[in-house]
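Q: Fit chain B to the given chain A structure using the hints.
For reference, the chains in residue letters:
Number of protein chains: 2
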Amino acid sequence: MINEFYKNMLSGKSVIRQLSEYATARGKEIGYENVFDFSLGNPSVPVPDMYNDEIIRLHRESDSMYLHGYSPSPGIYEVREAIAGSLKKRFDIDYKAEHIFMASGAAGAIAHAVRCVTKPGDEVITFAPCFPEYHPYIEHTGAILKKVPADTESFQINFAAFEELLTKEVQAVLINTPNNPSGVVYSVDTLKNLADILSRKQKEFGHDIFLISDEPYREILFGDKSMIKDLYPSRYYDNTLSCYSFSKSLSIPGERIGYVAVNPAATDADILAVMMTQISRGIGHNCPTSSVQRAIVPCLFETADLSVYEKNMEILYKAFVNLGFSVVKPSGTFYIFPKALEEDANAFCMKAKDYDLILVPSDSFGCPGHFRIAYCVDTEKVERSIPVFEKFVKECYQNG
Amino acid sequence: MINEFYKNMLSGKSVIRQLSEYATARGKEIGYENVFDFSLGNPSVPVPDMYNDEIIRLHRESDSMYLHGYSPSPGIYEVREAIAGSLKKRFDIDYKAEHIFMASGAAGAIAHAVRCVTKPGDEVITFAPCFPEYHPYIEHTGAILKKVPADTESFQINFAAFEELLTKEVQAVLINTPNNPSGVVYSVDTLKNLADILSRKQKEFGHDIFLISDEPYREILFGDKSMIKDLYPSRYYDNTLSCYSFSKSLSIPGERIGYVAVNPAATDADILAVMMTQISRGIGHNCPTSSVQRAIVPCLFETADLSVYEKNMEILYKAFVNLGFSVVKPSGTFYIFPKALEEDANAFCMKAKDYDLILVPSDSFGCPGHFRIAYCVDTEKVERSIPVFEKFVKECYQNG
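The listed protein sequences derive, respectively, from chains A and B.
Letter by letter, the first sequence follows residues 1 to 400 in the working numbering.
Letter by letter, the second sequence follows residues 1 to 400 in the working numbering.
Isolated chain A, as found in the complex:
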């Protein structure tokens, strides 16, 4: 008999998807170049040639069984070893191949990490604003998701609210920095403070609390890129599982490749990746594509040209400040998250839609009254959108 739970989910379509579908349909009417589609977080810069070259080389030169054969359950050993080496070099944490579990993107990584350190009925805390998919990611494991209200001044952590929710039932805390949708990066102070509280509470409760760090935007950092090391959450808290995806850094979201990196000082660090292979058996995961695993190896110190995102951010941030928006300046990702000009972000975004500005209202991110712009689009289009924003704001909010 058909599963009613999943059947009922069909009526709750994602707002982001709906907007993106609207934008595509509207584009067919008036030309897609005339729709300012800021709905989807789809990378807009090409993959580095290095990646395609390696795929081509592998398919041209490799033995068929070597290239297309089953990958071992936790991933291909040499690939895990190369990733461990690159993380060690960059973040100065002594990862070995054994600490790396290859996953099909960050979604797959989180699916394994959460199941590994919680059981059904346990509580997991995350922080608003957050990616709406955290609900199914957490809740479909049987765990309960609790959300700390946003600190809308800075989009760092609201620690008072966090400590209130951090009861003995909490087994894991899920963070996302650089953050979707705010574009904010947790500061060193935030990370240290978070680590201090977790360490204290672990002792108090007498059980481990794991930090699951969702890091698909890790490489999209604005300003001083050398800060990346200091902003790596696992450096501050041993019980950290870092969930990474190459989707955004290499612009290959369709290739479904990422990993979980278990901090070598975590409790049972040596068995967590193997436990994840047991989880895979039940959820039908069975490793990312083997050829893609191999092809990322030469690209581990490489990214697509991500500079366009910072350029777009600067243009939009300046424009929003000029237009009188209350907005926190992003330090990474390809999102910006200003406060809407009326309380109801849905109404605000509906009005913007009349100007062919496709903005995502913030309610599904757990932080009402804001809107998200995904500026992974051509700079030329971002520039063309500014006068449209000016017109929209003037006509809808300054003529009263």
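Since the hints were made in silico from the structure, they are not lab data.
Check the hints yourself; a few may be wrong.
It does not matter which identical chain is used: a pair holds within one copy or between any two.
[Stated by the list, open to error] Simulated pairs of lysine-lysine, DSBU-like, Cα-Cα distance not exceeding 35 Å: (1) Lys311 with Lys329; (2) Lys7 with Lys146; (3) Lys13 with Lys88; (4) Lys201 with Lys7.
Quick caveat: nothing in here was measured; it's all calculated off a predicted structure.
A: Below, chain B alone, put in the same frame as chain A:
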């Protein structure tokens, strides 16, 4: 806190994996060519050039965002359409793109199919002998797996035992034809009989019973290949979800590509694939690799050269008959499943190991007293193994 359920699974290592690891280690000692490693079902013939050529062409010529961008949740529409078309042509069932859900191999396909038509606590029936992974595949969804004892004379279905287990609590029935480990293909009579019983019981119970048909070996059919159409389970029973993988037919198990094909006459056929995308959100699946999805399109009427498997089967079958084994002749796959020469198949396989014959005892397949040979190896090696089998049998079982 670490999940004890998955932690405890670490002690229950798969027998097949252990044997395969032993074979690899032994190969390092005496040369892998001297180890008759029949443990693993890993295809031994190369992928068709057509597949590699298409991957190379796509990576050389495609726009980066087209090739590497997110695939829609149920899979790329044109790919689903092409698969639906190929199935329609071959099996004369009116599939449309809407009935195809792209999955990362058969494991991923089953993970979605089972969750789609059962809920935790429901019962699922399968038939011994069966792939040991059916336990986690079914049980980790929360459903209960019940196994119909084998008909060891033919490895068709033991219908009397099936009807006994087929109570109102059963929501799905999982079959695997051509079968791992027996190599047997369900006959038209078996499929018709199964369909009749399911149709009758649906009425009696007043609820749908879905047939989940696991078909990774569909293309590896011996003898008259034109029989493939008549042996397609979905032709006999509308509520069928066919779970396919290209792993064996194209020799690309590492590329993780397959699908669920929903019979268009099934209950709610038009929404099942969309429901599967909801399931994906919770288990972190998010489609197979987009470039691999595209690359299989030109290969939909193509296979690797699978003739070696039939050749190997004939050599082994003849040898086993000559040696006095009781053995059912396989009609497909790359497995054969003879009766061991003593009751304890483990003891039998342990003795064979002394001759560097790596055979898998049948207990984990739910059918004691047999052993599985995976003859996806070079014919030359199969031929060399025959005198070794003769020596083993003579020394261990004919000198008493």
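Q: Does each hint fit the structure? Answer for all of them.
A: Verification of the hints:
In this homomeric assembly, Lys311 and Lys329 come within 35 Å of each other (Cα to Cα) only inside a single copy, at 13 Å, whereas the closest approach across copies is 67 Å. For the identical chains of this complex, Lys7 and Lys146 are neighbours both inside a copy (24 Å) and across copies (26 Å), given an alpha-carbon limit of 35 Å. Within a single copy, Lys13 and Lys88 get their C-alpha atoms only as close as 41 Å, which misses the 35 Å cut-off; across copies the closest is 30 Å, which meets it. Within a single copy, Lys201 and Lys7 get their C-alpha atoms only as close as 39 Å, which misses the 35 Å cut-off; across copies the closest is 24 Å, which meets it.
The structure fails none of the hints (numbered hints given earlier).
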